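Q: Here's the letter readout for the chains.
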Amino acid sequence: MFKILQKAISTGIVTTAYPSKPVKISEHFRGRPSFDFEKWQDARPAEDVCPTGAISFCDDGDSRKVTVDYGLCVFCGLCAEASADQAVRITQEFELATADRRNLVLTAEYTLNADGTHRRLRALHRDFSNPAADVERVGQTAREKIQKLLGRSLAIREVDAGSCNGCELEIIALNNPIYDIERFGIHFVASPRHADMLLVTGPVTRNMEFALLKTYRAMPEPRLVVAVGACGISGGIFGANYASLGAVDKVLPVDVYIPGCPPRPQALLQGILLAVGRLRETRYDERP
Amino acid sequence: MKQVNFPLFATFCQKFGAQVQSMHSERDDETYLFINNSDIRDIAEYLRGEFEARLVTVFAEDRCSTDGVFFNYYVFEQNDNPQYLIVRAPVSADDPRFPSLSAELPAVNWQEREIQDWFGLTATGHPNPRRVALHDNWPDVHPLRKDFPVDTVLAPFEGERHIYRPALGEGVFQVPVGPVHAGTIEPGHFSFAVAGEPILYLQLRMFYTHKGTEKLFERLPIHKAVFLAESVSGDSSFSHGTAFCQAIERAAEIQLPLRALIMRTILLELERICNHVADIGAIANDVGFVVANAHATRLKEMLFANNEQLAGNRLLRGMVCVGGIRRAWRAWQVDSLCDTVKAFAREFQDLVALINSSESTRDRLDHTGILKPKIAKDLGIVGVAGRASGIDLDVRRDHPYAAYRQYPFQVPVYQAGDVWHRMQVRIDEVKESLSIITRATDQDLNGEFRISVPPIPRNRCALSAVEGWRGEIIHWIRTGADNRLERCKIKDPSLNNWPAVVEAVQGNIIADFPVINKSFNLSYSGTDR
Ligand code: SF4
Chain A
1 MFKILQKAIS
11 TGIVTTAYPS
21 KPVKISEHFR
31 GRPSFDFEKW
41 QDARPAEDVC
51 PTGAISFCDD
61 GDSRKVTVDY
71 GLCVFCGLCA
81 EASADQAVRI
91 TQEFELATAD
101 RRNLVLTAEY
111 TLNADGTHRR
121 LRALHRDFSN
131 PAADVERVGQ
141 TAREKIQKLL
151 GRSLAIREVD
161 AGSCNGCELE
171 IIALNNPIYD
181 IERFGIHFVA
191 SPRHADMLLV
201 TGPVTRNMEF
211 ALLKTYRAMP
221 EPRLVVAVGA
231 CGISGGIFGA
241 NYASLGAVDK
251 VLPVDVYIPG
261 CPPRPQALLQ
271 GILLAVGRLR
281 ETRYDERP
Chain B
289 MKQVNFPLFA
299 TFCQKFGAQV
309 QSMHSERDDE
319 TYLFINNSDI
329 RDIAEYLRGE
339 FEARLVTVFA
349 EDRCSTDGVF
359 FNYYVFEQND
369 NPQYLIVRAP
379 VSADDPRFPS
389 LSAELPAVNW
399 QEREIQDWFG
409 LTATGHPNPR
419 RVALHDNWPD
429 VHPLRKDFPV
439 DTVLAPFEGE
449 RHIYRPALGE
459 GVFQVPVGPV
469 HAGTIEPGHF
479 SFAVAGEPIL
489 YLQLRMFYTH
499 KGTEKLFERL
509 PIHKAVFLAE
519 SVSGDSSFSH
529 GTAFCQAIER
539 AAEIQLPLRA
549 LIMRTILLEL
559 ERICNHVADI
569 GAIANDVGFV
579 VANAHATRLK
589 EMLFANNEQL
599 AGNRLLRGMV
609 CVGGIRRAWR
619 AWQVDSLCDT
629 VKAFAREFQD
639 LVALINSSES
649 TRDRLDHTGI
659 LKPKIAKDLG
669 IVGVAGRASG
679 IDLDVRRDHP
689 YAAYRQYPFQ
699 VPVYQAGDVW
709 HRMQVRIDEV
719 KESLSIITRA
729 TDQDLNGEFR
739 ISVPPIPRNR
749 CALSAVEGWR
759 GEIIHWIRTG
769 ADNRLERCKI
779 KDPSLNNWPA
789 VVEAVQGNII
799 ADFPVINKSF
809 NLSYSGTDR
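Going down the list, the sequences are from chains A and B. Each residue of the first sequence is one higher than the one before, starting from 1 at the first, in the numbering used here. Each residue of the second sequence is one higher than the one before, starting from 289 at the first, in the numbering used here.
Please note: incorrect hints may appear among the correct ones.
[Claimed, not checked] Cut-off 27 Å, straight-line C-alpha distance, at most; resulting in silico cross-link-like pairs (BS3-like, lysine-lysine):
1) A:24 - B:630
2) A:3 - B:662
3) B:303 - A:7
4) B:630 - A:3
5) B:630 - A:7
[As the list claims (entries may be wrong)] Among the chain B residues that face chain A by a calculated CB cut under 7 Å, a handful are:
6) 491
7) 516
8) 738
9) 742
Since the hints were derived computationally from the structure, they do not count as laboratory data. All values reported here derive from a predicted model rather than from experimental measurement. For each residue, glycine too, the CB sits at the ideal point set by N, CA and C.
Using the sequences provided together with the hints, build the complete structure.
A: Written as structure tokens, this is what we have:
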């Protein structure tokens with residue numbers, strides 16, 4: 001007993017202050033790849049190396065539409081290595097959670113030179129027509145749901161719908177003394193009947209489809225669904241195939257998406273707090 | 289093609305010469321033996337008896353369009369012999385049956401059934417030939433056949449669900465658990481038959497996370513497939529990534545620079561330590577020693593931060609590549625690694641002392657979940673679980689890869705086979721790993737760390753093995769055109785080891801199931817792929 005106490009005292013408090021204070025992470029950490037679309041001479045090398053198709057393009061005569069989907073990104077950094085001119089840079093940004101799947105998608109339209117390189121950036125947009133109205137609508141429904149939830153505490157039921165267990169490792173880390181999610185009144189529960197939020201990982205395999213639906217149906221209303229990781233958002237490297245549906249929102253209505261492969265614990269925390277209206281979305285804007 | 293040099297080859301030829309179609313070595317440690325389908329039972333029995341060979345894995349390949357047949361492969365290894373012997377037997381497309389070995393070798397039970405599900409071949413004489421990877425409600429499809437496109441969208445399943453063996457007898461109850469469990473763990477279904485508290489037997493239903501991984505390997509170009517390999521089992525990202533890259537390097541005969549090999553060794557050992565320390569904490573936690581777990585998770589966090597410093601990712605993803613390692617470390621990164629290892633070693637000692645000082649923890653773990661050495665051997669158990677039950681196997685020592693030849697180390701082996709000793713193996717291995725890392729970082733980490741990779745030649749086969757933290761990982765590939773693969777077989781140690789869990793829980797109380805299961809800590813995703 002004495003030994004245990006001695007060890008506890010000598011260890012001291014180790015819990016992080018995130019999110020009230022920004023987190024110090026290694027400069028080597030690979031977060032969101034950022035694109036200088038004006039400067040980007042050629043999307044093809046990046047598309048060629050991108051393992052999940054997060055970068056894709058479609059040519060039509062002398063114009064090219066490039067799509068970047070952070071929902072598919074596994075943050076490997078290959079696009080930055082492959083692109084000249086430092087037009088693609090790996091940042092340390094990880095707070096990418098959003099209530100709207102379309103917020104994770106950027107589209108750039110280029111006019112092309114004869115050799116297929118970019119001559120001019122014609123347009124750059126997020127993939128939806130009226131961003132302002134949309135954010136408002138999503139915000140409203142989320143708020144209504146949360147008001148109905150008792151107080152601001154939250155019970156989470158986690159379901160692995162076919163992940164590689166990478167996301168589980170980071171979700172479990174939320175309970176360790178460093179991230180200690182219980183300090184927010186958030187805890188993981190065993191039964192979906194006690195849960196306010198379903199935290200789903202994996203591309204939703206055909207073998208898990210039924211169990212996932214059953215778990216969701218067992219939850220009381222109102223209920224939130226959070227899709228975790230590249231696989232949960234878009235199928236990630238697995239995509240949709242004979243054994244995988246390729247996204248949680250193919251089966252359930254999703255309230256918040258948390259990118260990452262896997263999302264680091266702070267990113268999970270940000271997404272969960274966002275879903276219950278205790279944090280706002282972080283905005284990144286690639287507009288020049 | 290190289291000269292065959294498998295010991296006792298002469299005796300083997302005397303007995304089976306007439307049945308062997310050909311025999312050749314792809315490389316020094318990988319010999320192929322081509323036989324007839326109908327001879328496999330005799331040959332397997334002979335190899336296991338006379339050669340004391342162990343059947344490592346069984347898998348199939350669809351070669352109908354090129355050779356007009358399917359091939360089954362049986363990988364064997366022998367004690368004190370760094371070679372793998374790979375026996376290949378054709379299975380005709382017109383009569384798609386092959387003799388099952390599962391009755392004698394429970395280790396290949398699921399692997400043979402996988403072949404049935406994925407390729408539509410029948411394992412004749414299989415003791416339990418029901419569906420395994422594709423659940424019972426799937427339509428009649430065989431996704432790993434070449435004529436089945438990977439992105440086929442199947443209609444909603446209408447078939448009947450799995451029917452479990454009923455628990456019979458007075459006072460015997462069936463307790464179904466899963467696939468969604470109480471904690472944050474992967475999905476699988478456990479059906480316990482209990483008489484009061486003690487567990488009579490356990491039925492398992494896995495493959496809930498089957499996501500078409502092996503088939504996907506046939507579509508992705510090799511440099512992208514590395515990331516798929518890293519996603520076979522998240523906790524073994526670096527081991528699976530390395531096993532995959534190593535397979536390609538072997539097929540293409542690429543020699544890596546020493547620096548790359550040493551860096552891989554360091555990263556492989558870091559992955560082992562991260563997982564072992566987490567498991568040690570989790571085992572203590574499951575018997576109520578929460579404080580030990582708090583320290584263990586803190587230690588793991590320390591390593592994860594270090595992983596990020598070294599690899600840019602907490603799970604060490606995006607670091608391994610075909611041809612070596614993606615980024616070299618600067619001197620300060622290596623220094624900080626050494627500091628972390630030192631600090632970790634000190635704290636780890638404290639953690640072990642803390643656990644050893646708790647009599648109640650030892651009480652709960654001793655004699656709990658026993659897997660007897662004899663049974664472990666019959667079941668073909670590998671890795672940590674095997675070593676706790678007398679199975680003296682370690683790929684790092686038996687089939688050295690990366691830079692392991694340079695760093696001799698002890699392989700802990702115990703006979704008791706209970707939860708305590710599975711934890712003890714982990715404790716011993718962490719100490720060995722720390723010593724390997726210290727010796728490796730003492731060396732000059734200079735020179736080339738990545739070499740440019742020539743176009744990968746077509747139609748080459750290669751087997752690659754890595755001792756992941758759980759145990760033996762096998763990747764087998766056949767290269768194809770356009771920088772792609774024709775086939776990639778992945779065998780995670782979890783696939784061998786599930787029968788050990790079934791065995792170890794028998795006679796224990798159901799309340800001890802979580803800690804017994806945790807002491808194996810098998811990967812569902814690695815099993816299901
Ligand atoms: S960092 Fe993301 S966008 Fe860039 S190549 Fe990797 S997966 Fe694709």
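Q: A separate judgement is required for each hint: does it hold in the structure or not?
A: Status of the hints after comparison with the structure:
1. A:24 - B:630: 22 Å, holds
2. A:3 - B:662: It is violated: about 40 Å lies between the C-alpha atoms, which goes past 27 Å.
3. B:303 - A:7: Given pair residue 303 (chain B), residue 7 (chain A) is violated - Cα atoms ~65 Å apart, limit 27 Å.
4. B:630 - A:3: Judged against 27 Å, a Cα distance of about 22 Å means the pair holds.
5. B:630 - A:7: Status holds; Cα separation ~18 Å.
6. 491: Interface hint status for residue 491 (chain B): violated (17 Å vs cutoff 7 Å).
7. 516: At 5 Å from the nearest chain A Cβ, residue 516 (chain B) passes the 7 Å test, so the hint holds.
8. 738: The hint is violated - residue 738 (chain B) has no Cβ within 7 Å of chain A, the shortest such distance being about 12 Å.
9. 742: Residue 742 (chain B) check fails; min Cβ-Cβ to chain A is 18 Å, beyond 7 Å.
Checked against the numbered hints listed earlier, the structure breaks hints 2, 3, 6, 8, 9; every other hint is satisfied.
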